[in-house]
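Letter by letter, the chains look like this.
There are 4 protein chains.
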Amino acid sequence: MPGSIYGNLFRVTTWGESHGKAVGAVVDGCPAGIPLEEKDIQAFLDRRRPGQSRYTTKRAESDAVEILSGVFEGRTTGTPISLVVRNEDQRSRDYSEIASYYRPGHADYGFDAKYGFRDYRGGGRSSGRETIGRVAAGAVAMKLLSALGIQVNAYAEEIAGIRCETVDLSLCGENPFYMPDLKAAERVQAAAEAAMAQKDSVGGVVACLVRHMPPGVGEPVFDKLDACLGKALFSIGAVKGVEIGDG
Amino acid sequence: MPGSIYGNLFRVTTWGESHGKAVGAVVDGCPAGIPLEEKDIQAFLDRRRPGQSRYTTKRAESDAVEILSGVFEGRTTGTPISLVVRNEDQRSRDYSEIASYYRPGHADYGFDAKYGFRDYRGGGRSSGRETIGRVAAGAVAMKLLSALGIQVNAYAEEIAGIRCETVDLSLCGENPFYMPDLKAAERVQAAAEAAMAQKDSVGGVVACLVRHMPPGVGEPVFDKLDACLGKALFSIGAVKGVEIGDG
Amino acid sequence: MPGSIYGNLFRVTTWGESHGKAVGAVVDGCPAGIPLEEKDIQAFLDRRRPGQSRYTTKRAESDAVEILSGVFEGRTTGTPISLVVRNEDQRSRDYSEIASYYRPGHADYGFDAKYGFRDYRGGGRSSGRETIGRVAAGAVAMKLLSALGIQVNAYAEEIAGIRCETVDLSLCGENPFYMPDLKAAERVQAAAEAAMAQKDSVGGVVACLVRHMPPGVGEPVFDKLDACLGKALFSIGAVKGVEIGDG
Amino acid sequence: MPGSIYGNLFRVTTWGESHGKAVGAVVDGCPAGIPLEEKDIQAFLDRRRPGQSRYTTKRAESDAVEILSGVFEGRTTGTPISLVVRNEDQRSRDYSEIASYYRPGHADYGFDAKYGFRDYRGGGRSSGRETIGRVAAGAVAMKLLSALGIQVNAYAEEIAGIRCETVDLSLCGENPFYMPDLKAAERVQAAAEAAMAQKDSVGGVVACLVRHMPPGVGEPVFDKLDACLGKALFSIGAVKGVEIGDG
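Protein chains in written order, with our numbering: chain A, 28 to 274; chain B, 28 to 274; chain C, 28 to 274; chain D, 28 to 274.
No lab work stands behind these hints, which were simulated from the structure alone.
When chains are identical, the list treats them as one kind, so a pair holds in a single copy or across two.
Derived lysine-lysine pairs resembling DSS-like cross-links, with alpha carbons at most 27 Å apart:
#: 1; residue 1: K170; residue 2: K141
#: 2; residue 1: K210; residue 2: K85
#: 3; residue 1: K66; residue 2: K170
#: 4; residue 1: K48; residue 2: K66
All values derive from a computational prediction rather than experimental measurement.
Please put together the full structure from these sequences, using the hints given.
Given below as structure tokens:
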């Protein structure tokens with residue numbers, strides 16, 4: 028059974044390869060009447076966009092989203108919302124080298140074993156670029172949650188073993204690591220530079236705070252809220268651990 | 028629970044309104060390695076396209092499909108296949124009259140009752156134009172079925188009470204009613220002209236023949252093949268009766 | 028993907044073979060607070076029970092239902108309702124003859140082709156006895172529909188080509204064919220006797236009337252109410268045609 | 028959408044309240060031909076059964092499982108496997124005190140907020156007793172995995188902050204904590220006694236080892252194996268953290 032669809036009442040389908048023509052998402056189940064414009068979605072895509080600092084993947088694209096359906100006169104209609112982002116960085120490369128081996132830490136081997144086929148153009152579907160569809164759909168979800176009075180905020184709590192000691196969400200935008208503690212961010216910057224000098228990378232911990240959540244959301248027994256969140260989080264490529272509450 | 032997704036192993040999501048920017052489909056679950064090009068899909072969309080005779084809806088659009096993902100070097104990759112058809116006929120009209128009443132035989136009232144909202148631009152999601160996504164996805168399914176040796180053919184068996192007496196599938200393309208019996212088609216033409224003169228329309232019966240179907244397809248007890256076909260057929264707006272086998 | 032589950036918000040799982048220990052159903056998604064007792068379900072099972080006239084399958088069992096979960100102090104709790112009916116008629120027989128061939132008009136060949144395995148004890152899962160789970164779950168649905176003010180009535184409209192000319196639902200219980208027209212029922216009785224004398228059987232048409240249905244039920248585009256009803260009806264073994272409205 | 032069903036190809040439905048008549052599970056999608064007897068399932072239920080040491084919940088029941096369907100002549104038939112365990116410990120109690128408040132750390136408040144209804148008989152559906160259905164279904168899964176050559180073993184890696192230093196799975200059965208390190212188990216016993224003396228409880232970490240897993244299991248992108256395991260694990264009441272691989 029294919030796995031590009033998440034959710035039941037609010038259903039997200041993502042599609043697209045890192046070096047295909049476009050990536051995107053279809054959101055089915057968003058209620059009618061929610062205000063939604065392309066700029067609501069673009070704001071999140073801009074935050075996601077790589078190439079904004081020297082600490083992330085290099086790839087220069089505008090990642091401009093287009094809403095193809097589901098919105099009429101600035102409001103959702105209750106029908107599927109189709110979101111498309113064209114890939115610009117499809118320049119032809121010499122893939123012959125990368126095509127000849129499996130990259131460690133990537134899904135190359137798994138895809139080949141499963142499909143007898145490998146899209147060697149930079150990871151294809153297992154590329155981080157697939158998350159564009161998730162971010163775009165997530166932006167729609169944020170509009171809906173906001174209409175319900177629910178607040179969701181995430182930030183980098185720890186990077187390279189360096190943990191925030193204070194949390195001031197307004198500071199996240201002021202450092203390239205989206206940390207709510209500028210002192211911690213400075214120490215992370217030094218650690219990241221040191222790792223990069225050794226052609227290494229560093230891991231971290233993301234915290235997510237949800238406020239004004241009503242009781243009774245989620246379904247006993249297999250679709251508890253914790254379980255659904257856990258599934259969604261573990262479906263992000265690099266996530267290897269999830270803790271709920273005090274964990 | 029939203030309803031724009033059909034199927035489990037081969038999953039089709041359609042999206043798009045008749046007067047929005049585009050309509051389309053995402054096919055998730057097509058196996059890797061199936062030959063697929065835009066022209067395979069275009070052939071079916073061309074057959075569906077209205078405005079080809081005076082007996083169908085008037086609407087002049089090229090309905091050109093673009094494959095945005097899931098195909099690499101002329102073959103499917105096993106990942107979601109995103110298909111988009113831009114709407115060209117979005118010319119601004121005076122909708123003020125149509126917006127003021129519910130059209131009989133349409134879903135206008137149902138949509139308004141359900142969503143508290145109505146997309147009065149020609150039916151929106153309940154327009155026959157939604158079937159573009161189905162036809163495009165169906166064209167992918169035909170490639171897959173063909174690779175499995177299964178043949179599917181449909182034709183108009185009866186229109187306006189006039190029934191085919193012979194079945195020669197090669198004749199379907201030679202008359203505007205897609206009937207396999209030219210004499211019946213001639214009589215239908217006269218009946219259609221008469222109905223049109225009275226600003227009326229006529230109904231009909233479509234027959235679908237499936238050949239070389241292997242045994243054991245479908246799942247007991249609720250997902251029997253008959254049941255899944257029945258659901259798919261009844262989901263087409265104008266279908267009001269389905270018979271399986273001798274019915 | 029297995030097929031013993033139907034529905035989304037109100038989900039029915041049926042299980043059990045005709046000659047196993049028991050048959051039953053689990054209903055997940057029934058709202059809390061609906062009055063429900065075993066006798067509510069038993070009434071429908073009693074009506075379904077074979078062996079009540081000479082015109083149906085011979086099998087003498089009480090088909091007594093037991094509610095194992097989901098009801099507390101006479102009301103549903105919102106949790107899964109587990110319903111069990113023990114099979115009594117499991118007497119050992121000589122199956123050696125039936126095991127050696129596929130019965131025409133049954134699923135014997137299909138099951139063998141699919142599973143490489145055949146439960147030759149009277150059809151196993153494809154037996155009409157599987158409908159006990161459906162009837163029990165349907166009785167729960169009737170309580171819920173009734174609480175919503177929706178009325179559902181079904182009756183035999185035509186048997187052996189003989190059609191009811193009048194409809195008085197109160198007469199259904201007064202003839203062995205559940206027909207609302209006693210004159211038609213008398214003619215059917217003669218036709219049935221004649222067919223039985225020739226070791227033949229007769230088919231028919233069941234009509235189902237739904238009253239006080241609110242607008243907006245069902246989901247565009249694949250899960251329209253017509254489509255969901257069509258699927259459910261075609262999943263019943265002997266159903267070969269379905270018409271909605273005037274068909 | 029109700030949440031008592033887990034999985035797609037191998038689907039598990041659990042049902043039953045802690046103080047209702049019975050608890051159980053229906054497994055739909057187990058392939059035909061897998062050897063399965065009640066004792067295969069009973070072995071796991073016996074291991075789960077409370078009241079076997081002074082360190083677990085007190086409740087004395089045999090938890091005997093009955094297979095009601097899906098098995099014929101000692102092998103699965105490919106049809107739903109219905110498993111039932113009768114509750115014996117339903118003795119009438121005075122629930123008046125417990126009914127008057129919400130217990131901390133339980134789902135009492137959530138259920139009441141969601142359903143406007145509370146089954147105050149010991150937690151109802153949110154009781155640990157719901158896991159009987161999971162364990163029974165899991166025992167069926169173990170037979171299937173075993174037929175595929177896949178080994179799954181779980182053990183307590185850490186309890187009350189005391190971590191195993193060696194791992195010898197054969198030792199798990201020799202201590203009441205299912206730890207693979209007897210020295211660690213001794214230290215845990217002392218810590219548990221101390222906590223119990225203060226009417227407190229202790230937490231821990233369970234490790235699960237899967238061996239001989241083939242590549243390509245799970246589906247990109249939302250149904251990755253990690254994501255599906257994460258969801259299943261977080262759906263167990265007391266689980267608050269999950270790590271995959273080195274975490």
